[in-house]
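Go ahead and model the full structure; you've got the sequences and the hints to work with.
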Amino acid sequence: MQTRAETESAGPRPSRRLLLAAVGLGIGAGAGTLVREGGRHGGTYLRPPGAAADFLATCLRCGLCAEACPVDAIAMAGVAAGTSYATPTIDAREAPCRLCAGFDELRCTAVCPSTALSAPASRREVRMGVARIDTDRCLAWLGVVCRACWHACPYPGEALALDERTRPSVVEEVCVGCGICVHACLTEESSIQVTPAS
Amino acid sequence: MIPRWTIARRASAAAFLSWLALGWGIQGSSVATRIADSLPFTDPLAALEVSLASGELHPHLWIGAGVVLGITLLLGPMFCGWLCPLGLLLDLAHSLERRVRRLMHRHVGVERRLPPRTRILTLALVLGFAATSGLPLFQLISPIHAIGRGIVLGFDVALGLVALLLVVEIFVPRVWCRALCPLGGLYGWVGKHGLLRVRIDPERAGQIRCRRCDVACPAGIAVMEEYALGGATSVVDEGCMRCGACTEVCPRGVLHMGLGASRKRREN
Chain A
566 MQTRAETESA GPRPSRRLLL AAVGLGIGAG AGTLVREGGR HGGTYLRPPG AAADFLATCL
626 RCGLCAEACP VDAIAMAGVA AGTSYATPTI DAREAPCRLC AGFDELRCTA VCPSTALSAP
686 ASRREVRMGV ARIDTDRCLA WLGVVCRACW HACPYPGEAL ALDERTRPSV VEEVCVGCGI
746 CVHACLTEES SIQVTPAS
Chain B
270 MIPRWTIARR ASAAAFLSWL ALGWGIQGSS VATRIADSLP FTDPLAALEV SLASGELHPH
330 LWIGAGVVLG ITLLLGPMFC GWLCPLGLLL DLAHSLERRV RRLMHRHVGV ERRLPPRTRI
390 LTLALVLGFA ATSGLPLFQL ISPIHAIGRG IVLGFDVALG LVALLLVVEI FVPRVWCRAL
450 CPLGGLYGWV GKHGLLRVRI DPERAGQIRC RRCDVACPAG IAVMEEYALG GATSVVDEGC
510 MRCGACTEVC PRGVLHMGLG ASRKRREN
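For the protein sequence lines, the chains are A and B, in the order given. With the numbering used here, the residue at position 100 of the first sequence is 665, and numbering never jumps. With the numbering used here, the residue at position 212 of the second sequence is 481, and numbering never jumps.
Please note that a few of the clues may not be correct.
[As the list claims (entries may be wrong)] The calculated label-pair distances, taken between Cβ atoms and stated as ranges, are:
no.	chain 1	residue 1	chain 2	residue 2	range
1	B	PRO384	A	THR760	26 to 36 Å
2	A	SER763	B	ARG367	48 to 58 Å
3	A	SER580	B	LEU430	45 to 55 Å
4	A	LEU583	B	ALA305	34 to 44 Å
5	A	THR700	B	GLY339	52 to 62 Å
6	A	VAL644	B	ILE304	27 to 37 Å
7	B	ASP470	A	LEU599	49 to 59 Å
8	A	GLU737	B	LEU343	49 to 59 Å
[Unchecked claim] Computed footprint of chain A on chain B; a stretch qualifies when at least three of its residues, placed anywhere within it, have a C-beta under 8 Å from a C-beta of chain A:
no.	segment
9	314-326
10	425-436
It is worth saying that the hints were derived from the structure and are not from the lab. Backbone N, C-alpha and C define an ideal beta-carbon position, used for all residues, glycine too.
Right under this line is the structure:
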C-alpha cells in the first residue's frame, strides 16, 4: 500500500509539472519551427468563399461549413492533402459553389466558428479565385457556338464577356471564382478552370 | 448494485455521438457544434491552437470555447467522462477486457501498472507547436475527432490511429486518457475544482479498507489511500473525470457524487 501511495500520488508535483510543461513547449516550438515553411503552404485548393489568407492556421477542421453547404459543394480534404487534411475544399467540376442563391447569407461563412471563413460585404466581393479559359480547347474558341459557361455564370456579361463571335473571356476584376462555369463546360475536361486565390 | 453513473455516462456519450450523426437541431462535429443554429460550443483546445497558430485572438471563436470552459470550471471535466467519443470507445473496450480477464481467471487489480500522468507535456507540446508552425496540429491528428468528425463527414484513414490506440491500450491501459490526451490535460487543469465531484463521508471512511475504489478508478487515482484515509471530504484531482466508477463499487456508501463546495479537511 505504501509503495502505491508513493508512486501513484495525486498527480505530478508542481516542480515536475513545470518541468514537463517546459519540455513540452520546447520540443513543440522547436518542431513547429522546423515544419513552418513547408507546413504553411499545404497545396492550393479552391476554398469556400471568404477564406482567410492564413487558412491553415485559422481553420479548426470542424466540418461545420461542409455540413451547412446547401449544395454539398464543400468536401473535407483527405489525408493525402497533408497539412490541409480535414480542411474544406471545393471541386468545382463536381459541385461548384452556388453562392447560396436563394439564401439570406453565405451559409458556410455564417456557421464558421473562427475567421477562417468570413462573410464578404456582398456576394460580388467573393474572391475564391479567378477563372481562366483554355482557348485551345474551348469550343467557342474553336469556332463552335457554345456559351455554356456564359449561361451558367452568376454574373453573365460582367464576369464572362462574349465577343462578336460569341467567344467567352473572363473579366478578372469581376469573376468571383465560384466555378459554376467549370461545372457547366461541355468539353470532356473543362476548358475553363478556376485558379484558387492565394 | 446497478452502476447508475456508468450507464448514464455511456448513454450520454452515445447520445451525443448519435445526435451529431443525425444532425437534428445540431450542426458540426466534436470540434465545434452549433445547437439550433445559434448556440455555439467549441473545443477550447482547438480555439487555443488556432489563436496561437494565427496569432489572432478570434473573439467570436472564444464565445463557444468560453461556454465549454465555463461549464468545465463550474462542474469539472465533464467532457472526458460524459461526451468524449474516444473515451466511450476506450471505456467499453476496457470493460470488455475486464470481463475477458475474469473469464480467464486472471486477476484484475491495481497491480496492473498504469502509465504516468504526462498530459501536461502533450498539452504544452501541442500549444508550442501551434505557436511556431502555424498549424493546429492536434485538430488534424486527434483520435477523438477522428471519431467525432468521422461520424458526421465520413470516416477516413485517421480511424487507423484509433485502432492502433485500442491495441496499445491492451498493454498499457488508459495510456491515452492518463498520459497522452492534451484535451483531457486542459480540461483536467481547468476543471480540477469543479463542483460536481466525488464526496467522501469522513465518518465512514476507512472502516473497510477494501480498496475497491482504487481498483475501479480508470484514472488510477488512489481514492482510498490518498483521499479517504487522508481525511479529505472530496476528491480534488486533475485526473478525475467525474465518471463515478469509485462510488459504484463502494460497499459502505462512503463515496458519492455530489455538488457543493468542499469542506475543510477533517481535524485529525
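Worksheet item: Is 49 to 59 Å a correct range for the gap between the Cβ atoms of GLU737 of chain A and LEU343 of chain B?
Response: Hint holds: Cβ distance 53 Å, inside 49 to 59 Å.
Worksheet item: Between VAL644 of chain A and ILE304 of chain B, is the Cβ distance one that fits in 27 to 37 Å?
Response: 30 Å, holds
Practice prompt. With 26 to 36 Å as the target window, see if PRO384 of chain B and THR760 of chain A comply at their CB atoms.
Written response: Check failed, 50 Å falls outside 26 to 36 Å.
Fill in: Coverage claim, chain A over the segment 425-436 of chain B, checked by counting residues with Cβ within 8 Å (three needed)
holds (count 3)
Worksheet item: Would you say the segment 314-326 of chain B counts as covered by chain A, given the rule of at least 3 residues with C-beta under 8 Å?
Response: Three-residue rule met by the segment 314-326 of chain B, so holds; n is 7.
Worksheet item: Between LEU583 of chain A and ALA305 of chain B, is the Cβ distance one that fits in 34 to 44 Å?
Response: 43 Å, holds
Worksheet item: Has the hinted range 48 to 58 Å been met by the Cβ atoms of SER763 of chain A and ARG367 of chain B?
Response: Since SER763 of chain A and ARG367 of chain B have Cβ atoms about 53 Å apart, the given range 48 to 58 Å holds.
Worksheet item: Should the hint that THR700 of chain A and GLY339 of chain B are 52 to 62 Å apart at their CB atoms be regarded as holding?
Response: 59 Å, holds
Item to complete: Evaluate the given range 49 to 59 Å for the C-beta pair formed by ASP470 of chain B and LEU599 of chain A.
Response: 54 Å, holds
Worksheet item: Regarding SER580 of chain A and LEU430 of chain B, is the given constraint of 45 to 55 Å on their beta-carbon distance met?
Response: 33 Å, violated
Violation of the numbered hints given earlier is confined to hints 1 and 3; the remaining hints are satisfied by the structure.
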